[in-house]
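For the protein sequence lines, the chains are C and Y, in the order given. Just so it is clear: in the first sequence, position 82 is 82 by the numbering used here, and no numbers are missing. Take any residue in the second sequence, count from 1 to its spot, add 1000: that is its number in the numbering used here.
Hints are computed from structural coordinates only; laboratory data are not their basis. Cβ atoms here follow ideal geometry from the backbone N, Cα and C, with glycine treated the same way. There's no promise every hint is true.
Stated by the list, open to error - A few chain Y residues that face chain C, going by a derived Cβ cut-off under 10 Å, partial list only: (1) 1004; (2) 1006; (3) 1007; (4) 1008; (5) 1014; (6) 1021; (7) 1040; (8) 1089; (9) 1102; (10) 1107; (11) 1111; (12) 1372.
To be verified - Using 20 Å as the maximum straight-line C-alpha spacing, the simulated DMTMM-like pairs for lysine to aspartate or glutamate come out as follows: (13) 13(C) - 1115(Y); (14) 13(C) - 1371(Y); (15) 159(C) - 1105(Y); (16) 13(C) - 1242(Y); (17) 13(C) - 1105(Y); (18) 159(C) - 23(C); (19) 13(C) - 1255(Y).
Unchecked claim - Quick look at which bits of chain C chain Y covers, simulated, 3 or more residues with Cβ under 8 Å: (20) 37-50; (21) 80-87.
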Amino acid sequence: MNLAERRARRARKRLPSLRLHIDRSIPGWMIRLGAALLPTGIMLIALWRTGLQYGEAQTAIDGVFGPQMVPSRSATAIYVVLSLALVLIMFTLRWPTIWPPLIAIITTVILTAFTPANAGWGTLALAAGAYLGLRLTVWATVVPWHSRVEVAALAAAAKVDAGVLGITLAIGVIGLALRGDFDLGLAAGIIGVLALAWWLRAPKFDHASEQLHRRRVEEKRQARANIQSFTRKP
Amino acid sequence: MIVAWRPSRNTALITAAGVIALLVGVLFGRADLALFGVPLVLVATLAERSRPEGNTEFSFSGLENNATGVVSETLTVAPAPGTEAVQVRVHGPGHRPAIVVVSGEAPQEIAARFDSLRTGPSPSFTVVARGYSTLAGYVEDPLLLTAPNRLVLPAAAPLLRVPTSRRLRGLTGPRRSPRLGDGAELRDIHQMMPGDRARRVDWRATARMSPELDQLFVRRTYASAEAGAVLVVDSRDDVGPDLTTWRGSEPLRVDQATSLDIARHAAAAIAAALTEAGDRVGLEDLARRRRPLAPAMGRRHLRRILQALALAAPIGEPSANIRPPQLASDVIVYLFTTLLDDAPLELVRSWCTLGMPVVVIDTLPGIYPVENLHLRLAWRITTMERADRLAELAALGVPAIRWAALDGEQAAERLETLVRVEQSHRHPSGGPR
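Please put together the full structure from these sequences, using the hints given.
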């Protein structure tokens, strides 16, 4: 069987695909690729910002304990983070769940803790990138590899993301502006976030719960009225 | 049907991660660390409060399109309020499923289409849809919808002329009968005989031939008549071009026409050509034991024939013994068969013995090359047996036309050739030379 016949045979074995016509869309693999690369990229940038050096630390350790006897903490940390990045990428590409970006965010926070405190603007960018990576991963759980997602669906969600990022960046800018007065800035930021969250979760803004609550109140009132009408003496 | 929106763990996990980031910021005394937790807490809170209400609704509004080649439907998706996105997975018979994720803000339509070379009863689309709220915090239970099945009618390709029966019947019709009658074609000018009508008198000829008017001359015309044809479809087997599917364990692909599809298309084309010419056409199905379609004329009858062709299908194992259908002696028989056994040959012999003209349409599709040695040997033996049957048909004087994909376009020319050969063998009066 020559090459042309083999190609024809392979083409015959492959099932034809359906055609679905929707508005402007992008392929699902782009979402999944972004979800795999962005959180781990943020994590690796945070690692780089820590300034951990493999070579110098390893030379210092070798000088004390002998060559290749004890791996340095920085080398270990670098190995751990790189391996973690690889695992998170492979996992997200194959079975996207919410865990990889959350692990990447926590790892980024821990690595940023070992970063000099005056690198504040970079942290703003990392926080925004970490959030976007999380959102992309959530989309990756909904959009399979060989599918397509409407641009309109992403745009509708982007409005929410823009609001959240706007508030985050505003809090960050305010915090950096008050950097001299640390306690006040931190306290104001945290209190502001918690107040905002409480305001959003207030029952009066939950229409579904409000209607359910009203219906239950009405049912209780009706049941009470029925019982009274049955027990009323003629 | 009430479908539930089930909360996922996303919101709780993201909230936990946000709180951890805030705590790390407090522990290390750094506001920039706490900043990582801010968007997480905010978006988790937004997702928690945006629980969708109601269910996603979707329905099919199919186009009235039963033409061969394309099956299309329009899916209307109406997401529940509060939905961020709807994942729609569409399955079609013999096709890879397609998945799209559409916006949950407003209802929209999705056009679904797949190509199919198959005819007859055809399953349509099956859709599984699922709604997601913000951050996939709430996920809807999957909703299933199946579009109604379709009956795909065969396409009647245009043909030139097709062979018709030599023996005409009746006194009306589109064809010229050798008998005298009330047709439009002039036969001769003859002396008026008892029974001739006065309005048939040709006064010019009378004035020319009998100036004294002692003998009147009339115009005599040929009678018009009609021809009949019966399409006999051998629907006992339905085989595709892939030999590995012949044993029945593997499904037939929708992008490969089978022998029954070819037979339906060929029969539809010939029926349309005969109906256009004004002849009567009947239909017999060898596999089904039900009343055949008696020969009739007209577009409505053609539609009936197309419907019956689409419903022709094999039942169980092909039977080796076929009871010959009862046919009138003045019809031409078109037999659509794969010639994979001797039963069609027996039928042809019996018809030829009765003097009925027969045309055999070979409906076996082009077979793909096989690698398996056993299959190759089996196919070689089958090919040789078919060649013997075709040789016997040629010896009986029965033309056999192959209607596979490659030869379908040339089939019209072959049929026209048969008509011209038949005409050249006829006496001008209509009888044989």
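Consistency of the hints with the structure:
1. At about 14 Å, the closest approach between the beta carbon of residue 1004(Y) and any beta carbon in chain C exceeds 10 Å, and the interface hint on this residue is violated.
2. A distance limit of 10 Å between C-beta atoms decides the matter here; for residue 1006(Y) the minimum to chain C is near 14 Å, and the interface restraint is violated.
3. At a threshold of 10 Å, the smallest CB-CB gap from residue 1007(Y) to chain C is about 13 Å, leaving the interface hint violated.
4. Of the supplied interface hints, the one on residue 1008(Y) holds, with its beta-carbon coming within about 8 Å of a beta-carbon of chain C, less than 10 Å.
5. Given hint, residue 1014(Y) at the interface with chain C, holds; its Cβ is 7 Å from that chain's nearest Cβ, closer than 10 Å.
6. Given the 10 Å rule on beta carbons, the hint for residue 1021(Y) holds: about 5 Å separates it from the nearest Cβ of chain C.
7. A cut of 10 Å between beta carbons decides the hint on residue 1040(Y): the least distance to chain C is about 7 Å, and the hint holds.
8. The interface hint given for residue 1089(Y) is met, as the beta carbon of that residue sits about 8 Å from the closest beta carbon of chain C, less than 10 Å.
9. Interface hint status for residue 1102(Y): upheld, as the beta-carbon distance to the closest one in chain C is roughly 5 Å, under 10 Å.
10. Contact between residue 1107(Y) and chain C, as hinted, is not supported at the beta carbon level, the nearest pair being about 13 Å apart and thus beyond 10 Å.
11. Interface hint status for residue 1111(Y): upheld, as the beta-carbon distance to the closest one in chain C is roughly 4 Å, under 10 Å.
12. Here the hint on residue 1372(Y) is broken, as its CB sits about 12 Å from the closest CB of chain C, past 10 Å.
13. With a C-alpha separation of about 16 Å, the suggested pair residue 13(C) and residue 1115(Y) falls inside the 20 Å cut-off, and the hint holds.
14. Only pairs whose Cα atoms come within 20 Å are accepted, and residue 13(C) paired with residue 1371(Y) is accepted, the gap being roughly 14 Å.
15. Restraint check for residue 159(C) and residue 1105(Y): satisfied, since their Cα atoms lie roughly 12 Å apart, inside the 20 Å limit.
16. A hinted pair counts as satisfied when its Cα atoms are at most 20 Å apart, and residue 13(C) with residue 1242(Y) qualifies at roughly 10 Å.
17. Taken as a hint, the residue 13(C) and residue 1105(Y) pair is broken in the structure, with Cα atoms around 40 Å apart against an allowance of 20 Å.
18. For the suggested pair residue 159(C) and residue 23(C), the alpha carbons sit about 19 Å apart, so the restraint of at most 20 Å is met.
19. For the given pair, residue 13(C) sits about 11 Å from residue 1255(Y) by alpha-carbon distance, which is consistent with the 20 Å threshold.
20. Residues of the region 37-50 of chain C with a Cβ under 8 Å from some Cβ of chain Y number 0, which does not satisfy the need for three, so the listed coverage is violated.
21. Only residues whose beta carbon comes within less than 8 Å of a beta carbon in chain Y count, and the region 80-87 of chain C has 0; fewer than three means the coverage is violated.
When each numbered hint is compared with the structure, violations occur for hints 1, 2, 3, 10, 12, 17, 20 and 21.
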